[in-house]
Amino acid sequence: MQDPFYSKQKRPKRAGGMLAADAWLDSSLYEFWQALGRGYTRYQDFMSRFHVTGFKRFIVEILSDAFTFGAIGAVLMTALAMPAFSIIDRGAFNKAEDYSVVFLDRFGTEIGRRGIRSDDSVALDQMPDYLIKATLATEDRRFYDHFGIDIVGTLRALASNAQGDNSTQGGSSLTQQLAKNLFLSSERTFERKIIEAYLAIWLEWHYSKDEILKLYFDRAYMGGGNFGVTAAAEYYFGKRVQDINLAEAAMLAGMFKAPTRYAPHVDLAAARGRANLVLSNLVASGFLTEGQVTAARRHPASPIERTADVNSPNYFLDWAFDEAKRIIDETGAQGNNFTVRTTIDTTLQRYAEEAVTSVVREQGEQYKVSQAAMVVTDTQGAIRAMVGGTDYGKSQFNRAIVSTRQPGSSFKPFVYAEAFEQLGLKPSDTISDRPVCIGDWCPQNYGRNYKGQISLQSAFAASINTVPVTLSIKTGRDTIAALSHRMGLRADYPVTRSLALGVASVSVLDMTSSYAVFANDGLKTPAFGITRMTTLTGDPVWEYDPDAPRERILSEQTVAYMNQMMRAVVTSGTGSRAKIEGVPTLGKTGTTTSYRDAWFCGFTGNYVAAVWFGNDDYRPTNNLTGGTLPTVAWQKFMAYAHTNIEIKPVFGVDFVPEQTIVADAAALPEEETAERPPNLTPAAARKLLDLADRLDIAIKDLAPVSDQASAPAPSAGL
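Just so we're aligned: 207 in numbering that gives the first Met the number 0 is position 208 of the sequence shown, and the numbers increase by one with no gaps anywhere.
No lab work stands behind these hints, which were simulated from the structure alone. Do not rely on the hints blindly, as some may be mistaken.
[As the list claims (entries may be wrong)] Lysine-lysine pairs mimicking DSSO-like chemistry, simulated, CA-CA at most 27 angstroms apart: (1) LYS523 to LYS425; (2) LYS55 to LYS179; (3) LYS324 to LYS523; (4) LYS393 to LYS179; (5) LYS686 to LYS578; (6) LYS213 to LYS179; (7) LYS425 to LYS367; (8) LYS425 to LYS179; (9) LYS192 to LYS179; (10) LYS192 to LYS208; (11) LYS523 to LYS473; (12) LYS647 to LYS523; (13) LYS393 to LYS256; (14) LYS256 to LYS208; (15) LYS393 to LYS192; (16) LYS179 to LYS256.
All figures in this text were calculated on a predicted structure; none of them were measured in a lab.
Assemble the whole structure, with the sequences as input and the hints as a guide.
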């Protein structure tokens, strides 16, 4: 019997199969490499026919690399052109402002206009020849020679910029400028310039040169709310564009580059200087001779008076125009022309502008600060003044609305208010001022010292940092953020460990609205600037309802506590410079890390105001704190604003304003209308206040003299 475990017959068979597989693999690999070698040899034989040496080889290498990089560039440029193709597919031009709005102040006096002033009814061949030549000489001398992009002009502009020369010619062709006006925004990015170049080529393919030039003349913004040279000629010179002379044409042509800077009603000297450069360009380009422009140089253009437009509250009007367009869209109002009654008070507006600009002018260099913003409302939220920067003519960027900066310690009222609401604390309660950490973050006080047990009111007045951080741990930071949004902060911001110290994004307008909650007994008080809108024929479109119910945000007890604490900031804390004799002033200072932002937000029984100082580029200032320039500007405005008005009390503050003498009203007519407060200029008000101070000093100096005449001689030893 055969052993069942005997396998001698099977092993040779398995070994033979493995040997066969191994042989097949070896032979296959050998044949593959042989075939590969033969193929490479044939490839070498084939390519040897194209072998070149010497200079020919250099040319071939250059062409080869050029084709390679050209293919890569074509793919890249196609990818970059996709946004331009998308814009073209939409087939829609940027609209000039569709609406024309006349704005009135709170008393019904016109303060400015916004919206479209345009006229495209004048054909290109009816416009003065020297206006066309002046524009081409300054904006694009090779306009009729290039394909939409002026390569020579761009290189010349780059070389000029590299040498630090502010040339009168830019790098963009006239067609590129038109592409930006028709399709794009004004942001300055490399991506936008590429899209602009593609759109310029597209315009050249689809329109003739004269059609492009006509579109440019009709769609260019010319300052003062004017689009196109026809509307600008009427606005600046009171003439038809066909009737302007060479000097006026040169001034119009000079405004294309920077209409807000070179508009004659903004800076006549700059406008005339720019016009003189345009005349020089006409001579340099060969369009006119020096003799032909001599008369225009000697007799520069004189625009008609537009002083009222320059003195308008322009930052406010820009914001109000956006609000008006929103109301028009929401109400579905028909038509394009509207009249808007606003809440602005032109007297207070001048006070606010004077307060902000004078402080920057006098002390800005010392503190290395260049910009400031202020918003003023009454205690019901009506905007009385808005300053979005130190010079609207140089920069239309509204720092009171658009810019969001960190508020620093001026955010602390939200922290303390939430603690009062949630924890049942009161200002006299004590808390330990000691080192506190959240994870690895350990904030320090401004003086890097600690006071131990301290009352909440004292900690708030001294702007101690550790106390609000401790309170935020107890209440939770999410609830503080939620309260700040309910009170008026609209910008979203991350809820971080440092929120209690004001690491958030806020606007000056929103801070004013938030502090107005304290001034309005805890009721939500959003800022508003429009009270009524009608068509030009007087048909009502929209009206603000002052009696609409308001949401209660804070309890009256919390408001009273917070007002007591903010009063202490002014009487004995970091905001002492905000004190005004005879007026209950309250507020909170704020300073951010590296001294980039400085704030003072506060109110009286009459007005609420928030002030910000800083730099647009976030450059640190020279140790500027909220207790210095912002408080000084705030106090200067409030001192002006409370002249010759009834001083109202503040809820929760033990302060009795002096009683004002009110004239007998028996002789007044039965129907009374709102009257403008005394129309003093800031300079006149300042002189009156200075005179009042001098009289007080003189009276005090005279009082001892009269007393000595009747008083008995002092006895010895007293």
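Checked hints:
no., hint, in the structure
1, LYS523 to LYS425, "holds, 22 angstroms"
2, LYS55 to LYS179, "violated, 46 angstroms"
3, LYS324 to LYS523, "holds, 24 angstroms"
4, LYS393 to LYS179, "holds, 22 angstroms"
5, LYS686 to LYS578, "holds, 19 angstroms"
6, LYS213 to LYS179, "holds, 15 angstroms"
7, LYS425 to LYS367, "violated, 40 angstroms"
8, LYS425 to LYS179, "violated, 59 angstroms"
9, LYS192 to LYS179, "holds, 9 angstroms"
10, LYS192 to LYS208, "holds, 21 angstroms"
11, LYS523 to LYS473, "holds, 25 angstroms"
12, LYS647 to LYS523, "holds, 20 angstroms"
13, LYS393 to LYS256, "holds, 14 angstroms"
14, LYS256 to LYS208, "holds, 20 angstroms"
15, LYS393 to LYS192, "holds, 24 angstroms"
16, LYS179 to LYS256, "holds, 13 angstroms"
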